Amino acid sequence: MLKRILLFISILIVVGCSIPDFQNMGIPTWNTTFNLYILNDTYQAADFAEEDSSLVAYGDTLGLYETATDTGDIEFSSDPSSNNEFMEIGEIYIDNPDPTTTNIPLSQVDPNLVNGPIPAPGIAPFIMPEIVKDDVEPFGEFQEISFISGQVIISLTNNTAIWFGDVNAGHPLVVHILDMNDVEILAQSFSEDIPPDNTQTISESIDMAGQTMVNEIKISITGGSRGTDGQAATIDVDATLDIEVEVIDLVADHAIAQLPVQTVVDSVIVVLDEAITIFRGDIAEGNYTITLDIENSIDMDIEATLHISRLILGGETEYFSEIISIPRSGGPGQVTVQTEVFDISNSVLGEAPDYDSPLETIKLLVDATMVDSGDEYREIDFDDAFNVDIEVSSLEFGYVKGILDPKVQDPISGSTTLGIEYPHIIGTFNIVSFSTITFDFFTPIPTEMELEFTSFNADDESVQLIDINNNSNPILDIPSGSSEIVLTSDEYNINELISILPDSIYYTIYPIVGDSTEIFYYEEGDQIETEIAIESLLDFEADCWIIPKAQDGSPDVQKVNTQQFEEKFIDAFVDGNIILHYNNELGIQAGINILISQTSPEGFEELVNPDSTIYTIITVDDLMYPTSNEQDSIIVNVSREDLDFFVEDSVFIIPKLKLFSEPGSPVSGSISMQGELSLEIEVSNDLAE
Amino acid sequence: MKKSIIIVTFVLISISLFADFSFFPENPADLAQRDYSQITIPGVSYELSLNNTFLRFDDLNLFQKGRRLSESEKNLLTNEDITVFGNFNTSLVNFGHKNWNFSIKTLASCDIEVLEKMYTRFVFNGNESDVHYTGDNGEGSEALVFLKTSFDYAYPKPLNLGMIPGVFPSESNNGFLSGLRDLPIYVGANINLNYSLEYAGIVESEQHFGTLMDSTYYDIYTRFMNTDAESSGKLSPSLGFGLKIPFYSGNFHFNIDDIFLQLQYKDLEGWIYAKSATDSLHWLQPYNETIEHVNIENDTIRTKSRTVKINPSFTIGAEYQFFNKLDLMMRYTNDQFSYNNGFYTAAGIKLGGFPFQFGLGYRENVFFQIKTGLNFKKFEWMIGTTSYYGFFRYARGFGIQSAIRIKY
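Protein sequence lines correspond, in order, to chains A and B.
For the record, in the first sequence the residue sitting at position 485 is 485 according to this note's numbering, with numbers rising by one throughout.
For the record, in the second sequence the residue sitting at position 167 is 167 according to this note's numbering, with numbers rising by one throughout.
It should be emphasised that the hints constitute simulated quantities derived from the structure, not laboratory data.
Since we're looking at a predicted model, the values are computed, not measured.
You can take every hint at face value.
Sample of chain B residues facing chain A (criterion: CB under 8 Å; computed from the structure):
| # | residue |
| --- | --- |
| 1 | L69 |
| 2 | E128 |
| 3 | T211 |
Glycine residues also receive a C-beta, built at the ideal position from the N, C-alpha and C atoms.
Let's have the full structure, built from the sequences with the hints guiding it.
Structure below.
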């Protein structure tokens, strides 16, 4: 019995001690599934906006906003202008010279007469012989005068006993004034006889207009005498007939004389640059002058006071007034030249104090005083003159109130770079949103601006901004001051400009300042200031594929090192699913193809319709566009065959995005996604080794 | 044939013998009736047991290359935490004369949670999303080694309850009472000096991970301590005592040991390993660091001491010999350093110099024990093997015991 029990136990032991096959021990094989959440995120459309990018967020809507600021100098000046004026001395005024006298004794009238009384009838009328007196004291004040006006007064005082002149008999007394060459200057017949015995001085005035008088004269008398006119008389042969010759009211057109002060008042008017109508012009600091070139042909020193109304020099409070001295010419036919330069920088042109009246000319008033010649005899003529040539230099202004005719300025050019990294797009993509280009201008002067606005993209395509209605560059009329002008996509091809996905926008503004109408106010340094803002909500019409670009413009290919991804890992992979729950409120539909290849693509062309023998394509169906609060799901399945390329040392992965959008839905809102990876793998000893 | 050789070799792997064939080897009262001296050959006497809560021996067949696991097999492999228990003791010195004995042993014990079933389920079944997984894998695992020097003494003459004044009447007509009063009771005691040698333990261990809709994360924290060259031990005394009450052809045993035993390990090295990562899944955000890492490794920690309180071990049981041949034994043991705990019953028979003992025990699960050897008057050589949770191939652990004792 005991032996049987022992035997049974032994058998039990042998049966129970079944030894595993240790040589083949290892990891068995089984399938297991791992689940992993890989994504839970919300991407706001506004997140596409970056600080240094042209993409901006308007609330939750994505838009484009790019600005540029530029300035342009304003340059205008008045052209130089000049004029000249001959300022003739005109009528020459000479002081009344002292009269000159002579006397004719009776003895020269009738040498036969003796002193003593003569009874009546006395001396009978007779014709006198011509009696010439050449001892006349010359006039001291002149040597020669050609009269414009003036008079010679001959006054006779008869101290003798006989009558001079016999008018009734037709033999009046005639006084002759002769020059030293016995040329008669004038002859005056007295209309009444000169009574004897100094009972009356008879004067006759002779108008000298048109006559010339010299200072050295002879006086002669002719004519008859009444004798004693039947009366007894006492004869004094030494009694004289006194002749006084006086020149008065001398206005000459030629004189050789001791000239008294003469005055000439005349003006020169310089017409300023007609392109600028100045109400007030503060001339800038610089080399701005009024230059007077004076040619004096008058043989008199001149002290001229220059007045320029409506010009106040810097630092002064009164209108321009300067005194200049102009030396005499030195004689007939001679000219002295003198130049006066007046620095008018920092001066103010205009009618103070209100400067409400336009200033079209500069009037130089010359108030010239010819200094008397003293004891010198100067020969001057009526038309002797000093020529004043006034030249106003080109003027630039530190301040102008005025009206300017259109004046072309230097173009304002610049560019702005859009900091957007664009992908490569295959298919239709057009911006259709309401887009604007806003110009904030400041100009002190009304300005017309023609705009050249051109966008360029990386493919050297370009679009120029034009007015849709007339296919021309935009031309803007900008009033003085600040103004804002908005160009919209309704009237201009702004969307076309943006749709080429530009890298940069170049602009040139051609300003023409002045409109001949509006009064402007300009200060030195004022510029045309421009701020340009391009704005657009990203509402686009698209049916395209998008492939991200690398920095060099080639496809953005991700090279993944798969050296550690051994074939056993692929063999272990059974199945994989990515379950993507999403809520897409971006306003666009998107899908994605993930291209996997052993070689890197050389360009975008081969990615348009990728060769399935070169690329493994993992397709994600279109993400639909659900309404809010609803969520949809898609499942992306990855099979083992999709991972064949990963056996190589590296693979190239290119994402290719499908984009579809209709107008009317700008990119806004958000897309939220939760992704869960479900991975079934086969664990085996081969995988563990 | 090959299999048979392997089996026998496995059983005889220690080539060492069981120290004592007694069913109650740790009871000092057992020495009271010992009439010989004995010495155990040092270095070749040991007891080893190694168990796990996971795999049966036969389950190793599942781990064959190319073998596809069925769902039931996967369920089997994921049904339990993987915990390894082990005990080992070896006798360095063991000798005695009649009613006293002196021994020096090295005892080692480990209780290591290797892997929670949560993790094995990951490996075999994958994971679920939207679940916060929390674990404390390995927390509380420890292994320790200490040296136990014992002096056992048994009073050579039996005592009885009648010696206790006032408990029983000196005269009684009641045969039962008289028998009870006069019942011989052998008593013994042992005094131990224990010295802590090595310790390693995972003080804290936390794991949190999961993949949820808003994040995928893991968080691991482990604090570990162990003795190193700078560590030291401490002497710790403990006591034990035992009773043996013979009756007819059997005995009743009770003993308790390791009273007041505390093992103190000083100046232990410690380190903390903490690692966490959280992926907030915001992969659509450019330049966004979605994964937050925390990584802490600090191996500079020193712990002043670690005290392991050992519960007293006790055994209560009885054995009886029938027909002068068949010994039947049963006992209940609770010993931290033995895996043959719980209820145990065995039958022993001696065929000449070849004793055989077959035992069946239960502690959370059954275990089987077979012992044999040589038992001569002056020489004992004992080997034994134990299958835990099942019989051999169906066992989740095994134990081997061996010793050689020379009696003189």
